[in-house]
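Could you build all of it, start to finish, from the sequences and the hints given here?
Going down the list, the sequences are from chains A and B.
Sequential numbering of the first sequence, starting at 1, is according to this note's numbering.
Sequential numbering of the second sequence, starting at 1, is according to this note's numbering.
Heads up, none of these hints are tricks.
Chain copies aren't distinguished; within one or between two, either way the pair holds.
20 Å max Cα-Cα, derived EDC-like pairs, lysine to aspartate or glutamate:
(1) Lys388 <-> Glu358
(2) Lys206 <-> Asp186
(3) Lys91 <-> Glu32
(4) Lys454 <-> Glu323
(5) Lys71 <-> Asp463
(6) Lys199 <-> Glu365
For the record, the hints were derived by calculation from the structure and aren't laboratory data.
2 protein chains.
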Amino acid sequence: MADRRIVVIGGVAGGATAASKARRCCPDAEIEIYDQDEFISYAGCGLPYFIGGHSPNWRRLLARTPDEFLKRQGIRVFLRHRVNSIDTANKLLRVVDLEGVSELSIEYDVLILATGAAPVVPPIPGRDLEGVFVLRTLTQALEMKSFIDLQAPHRAVIVGGGAIGLEMCEALRRLGMEVHLVELMDHVLPPLDADLAGKLGEHLEKNGVRLHLGEKVEGLEGGGNGRVRRVATSGGALEAELVLLSIGIRPVSDLARQAGIELGARGAIRVDAGMRTSAPDVLACGDCATTFHRVTGKEGWIPLGSTARKQGRVAGETAAGNEASFPGVLGTFILKCFDMAAGKTGLSAVEAREAGWEAESVTLEDTVLPGYYTRDLPHLIARVTVEKGTGRVLGAQVVGDYAAQVDKRLDVFSMSLAGGLTAGDLSSLDLAYAPPFSRPVDIPIVAGNLAEAKVLGRVCTCDAEGLE
Amino acid sequence: MADRRIVVIGGVAGGATAASKARRCCPDAEIEIYDQDEFISYAGCGLPYFIGGHSPNWRRLLARTPDEFLKRQGIRVFLRHRVNSIDTANKLLRVVDLEGVSELSIEYDVLILATGAAPVVPPIPGRDLEGVFVLRTLTQALEMKSFIDLQAPHRAVIVGGGAIGLEMCEALRRLGMEVHLVELMDHVLPPLDADLAGKLGEHLEKNGVRLHLGEKVEGLEGGGNGRVRRVATSGGALEAELVLLSIGIRPVSDLARQAGIELGARGAIRVDAGMRTSAPDVLACGDCATTFHRVTGKEGWIPLGSTARKQGRVAGETAAGNEASFPGVLGTFILKCFDMAAGKTGLSAVEAREAGWEAESVTLEDTVLPGYYTRDLPHLIARVTVEKGTGRVLGAQVVGDYAAQVDKRLDVFSMSLAGGLTAGDLSSLDLAYAPPFSRPVDIPIVAGNLAEAKVLGRVCTCDAEGLE
Numbered sequence: 001m002a003d004r005r006i007v008v009i010g011g012v013a014g015g016a017t018a019a020s021k022a023r024r025c026c027p028d029a030e031i032e033i034y035d036q037d038e039f040i041s042y043a044g045c046g047l048p049y050f051i052g053g054h055s056p057n058w059r060r061l062l063a064r065t066p067d068e069f070l071k072r073q074g075i076r077v078f079l080r081h082r083v084n085s086i087d088t089a090n091k092l093l094r095v096v097d098l099e100g101v102s103e104l105s106i107e108y109d110v111l112i113l114a115t116g117a118a119p120v121v122p123p124i125p126g127r128d129l130e131g132v133f134v135l136r137t138l139t140q141a142l143e144m145k146s147f148i149d150l151q152a153p154h155r156a157v158i159v160g161g162g163a164i165g166l167e168m169c170e171a172l173r174r175l176g177m178e179v180h181l182v183e184l185m186d187h188v189l190p191p192l193d194a195d196l197a198g199k200l201g202e203h204l205e206k207n208g209v210r211l212h213l214g215e216k217v218e219g220l221e222g223g224g225n226g227r228v229r230r231v232a233t234s235g236g237a238l239e240a241e242l243v244l245l246s247i248g249i250r251p252v253s254d255l256a257r258q259a260g261i262e263l264g265a266r267g268a269i270r271v272d273a274g275m276r277t278s279a280p281d282v283l284a285c286g287d288c289a290t291t292f293h294r295v296t297g298k299e300g301w302i303p304l305g306s307t308a309r310k311q312g313r314v315a316g317e318t319a320a321g322n323e324a325s326f327p328g329v330l331g332t333f334i335l336k337c338f339d340m341a342a343g344k345t346g347l348s349a350v351e352a353r354e355a356g357w358e359a360e361s362v363t364l365e366d367t368v369l370p371g372y373y374t375r376d377l378p379h380l381i382a383r384v385t386v387e388k389g390t391g392r393v394l395g396a397q398v399v400g401d402y403a404a405q406v407d408k409r410l411d412v413f414s415m416s417l418a419g420g421l422t423a424g425d426l427s428s429l430d431l432a433y434a435p436p437f438s439r440p441v442d443i444p445i446v447a448g449n450l451a452e453a454k455v456l457g458r459v460c461t462c463d464a465e466g467l468e
Numbered sequence: 001m002a003d004r005r006i007v008v009i010g011g012v013a014g015g016a017t018a019a020s021k022a023r024r025c026c027p028d029a030e031i032e033i034y035d036q037d038e039f040i041s042y043a044g045c046g047l048p049y050f051i052g053g054h055s056p057n058w059r060r061l062l063a064r065t066p067d068e069f070l071k072r073q074g075i076r077v078f079l080r081h082r083v084n085s086i087d088t089a090n091k092l093l094r095v096v097d098l099e100g101v102s103e104l105s106i107e108y109d110v111l112i113l114a115t116g117a118a119p120v121v122p123p124i125p126g127r128d129l130e131g132v133f134v135l136r137t138l139t140q141a142l143e144m145k146s147f148i149d150l151q152a153p154h155r156a157v158i159v160g161g162g163a164i165g166l167e168m169c170e171a172l173r174r175l176g177m178e179v180h181l182v183e184l185m186d187h188v189l190p191p192l193d194a195d196l197a198g199k200l201g202e203h204l205e206k207n208g209v210r211l212h213l214g215e216k217v218e219g220l221e222g223g224g225n226g227r228v229r230r231v232a233t234s235g236g237a238l239e240a241e242l243v244l245l246s247i248g249i250r251p252v253s254d255l256a257r258q259a260g261i262e263l264g265a266r267g268a269i270r271v272d273a274g275m276r277t278s279a280p281d282v283l284a285c286g287d288c289a290t291t292f293h294r295v296t297g298k299e300g301w302i303p304l305g306s307t308a309r310k311q312g313r314v315a316g317e318t319a320a321g322n323e324a325s326f327p328g329v330l331g332t333f334i335l336k337c338f339d340m341a342a343g344k345t346g347l348s349a350v351e352a353r354e355a356g357w358e359a360e361s362v363t364l365e366d367t368v369l370p371g372y373y374t375r376d377l378p379h380l381i382a383r384v385t386v387e388k389g390t391g392r393v394l395g396a397q398v399v400g401d402y403a404a405q406v407d408k409r410l411d412v413f414s415m416s417l418a419g420g421l422t423a424g425d426l427s428s429l430d431l432a433y434a435p436p437f438s439r440p441v442d443i444p445i446v447a448g449n450l451a452e453a454k455v456l457g458r459v460c461t462c463d464a465e466g467l468e
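Here you go:
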């Protein structure tokens, strides 16, 4: 154990956490991180906030530098080193030093794959024009920021209305740009029900974002200077000096696939609860790995920075020879966009029915603080999905003012899923109440009352004062 | 069933909710509320905010007027009617109309006792002086507000550092008074551990409240005008034109006791999960009734407006002949005081040990948002108590900035108790994460990591970036 060599490929969220945890468990192991990028251990989720100017100093995004990894933890970091192949039989990596272009042969006792995910770039003409960006790595963010600083683009087109696209709408509006959002679906944030996502869409428009829903980008046109100047969509043409392609991401699993390691959902590297892959002593964690959906009971691929860190912890323990397991995720996500927040945990009614449940939903819309406490009443809409008959909570979606603590209610619903609670259980939750925090009967409890009545086939109205 | 007469005594939180729920379930029943006060269905928890000027219009505290009860729900409300006795054998009440001073005999089929709680007034000289207040009812709040408006007191002494005492410190400071807080214990907010409550104490002092801890009030002295002018304590004398006695409350259960109805914890009316008392067809709910503590498994008396409404709902269902039950509480509470919040759910380590558990606690102090997102970093301290061996979560205390969403973390811990989760379960919670809402590994997850390590006898450090 003392001389165990733990090698980690990729050092952003999952990889950095795995290496740190392995060090905590194995003080004497040799631990190395290889990453082809020039940065590791940074806040990938923070990139839109760096670009939007919340934090103009990009160094604040760094959690730990390679030097700190070495000095504090004795973890050696090799930046700009690309792993070209894995020989799982001989436990050898072929690594290219991208600066020196020499090829190295690296041995491991345990290998942790934390290769992350990469943006999907649609095969459209003009995607290589200057001014066309994807936003996934700190390097890409620095390039985009530098372009904005130097070229001062006035008009931006964001392609794709998922989380990154929406966060970037806010960021680019903060910088004063005219922003167009092009989304193939008929509503933004596709994992949400259309009517709830529609509230977010209205809010985007109120904040000056021009929505182009149900439109497809067909090509990008450049000017004589090699820079993008127009986006052709199925609905027309949009002038733009900056284009962000944020249509989605895919797991980076080619290296694993080429090494004969089994892939799973969406082409991610298949892992068990201990983060073990199909190859002996090869683990995977973070955005490159599959995860288990605790509501559906099925393997899925739901890449998120928070999940990556939890998986990284487990991978670090397993690498150290300890027993550890990650029970999976509930599909919880949230985002802020201007003054609104929107998120989800578990399944929507449509998803629940597709997965084989008889499911019902209840929706309530309410203010979240007492009217006597503040005149500025934050407001939200919550939709809870339960199984018919049992009333088991299957999921929830919440959309509302940022000040309405959408996150707090989503966390309560997420905890309901973790605890296997029913609508009836929600009715009697003992949540933290005082007037500066909520109304006396908080949203999840009212939702439980409504859902229980619906499951029992009763009519029910209930408000947050407890009066019907 | 059609002619069932449901009579409710007391109409603030529990009683108003019970009557409303009974109406929803029994469209044809006769439903009446009797209350000796001149107001019902108001936000008792809002009184400090009315006095402090959040809402100068007291009518905003009213959820529903007697007229609205009648017109919307066909519920007849009799204000200023005091019930003098209950004859459970003949299902008769003796009621005095305090305006007319006539005595009425009122029949019931089902009786719901929602008589609430009353302030404990210590037997000290001078407690009847003008300028000495308790704060429990809207009437008392109006008297106090009127006194403040007319007499413009400069100096106030608040006796008792529980929730009302602390909320009133803020309210009276907002009105510009010099405020002294006298508390018998050596720290404010006695249900919290002393060191955590100490943080709140420091914050009170920073906001100009002078603390007199470990001191006992011995008497109140008046001037020639019959108004209070000095408070004598074991530590000296404090000049004051206004005194608030907020040393505690007791259940109002004399009427029930005189009728031979069984009392339970702390002299509250003993109820089962359906809110039934020992007398046939007599129910009780709200601050006058006992409740079941889901962590200790014992009967207790934990009066709170949010619980009253949940119990009222169940009482209304039971009164209607439906099956309903209230599983009990977790002892969750929270309060805001100036720019801090503090609260608790479940048991502290001391309480857990007293109840027979081998318990351990872990404490963490951290900021709750990423440093790159905001420079103004809200901060909190969380302490989680778990059972040795199993790691079962037994309780949590959280103290921190109001902006740090102490309530959100308490709700997660409360949900952990509701779901019977362990420290290990906390480690893998799927909470709603994006940079505007939390750091990637939120407080309860970090706490779970720390607690799990402690239970397993390991050393562990973990931070909210996932790095050790």
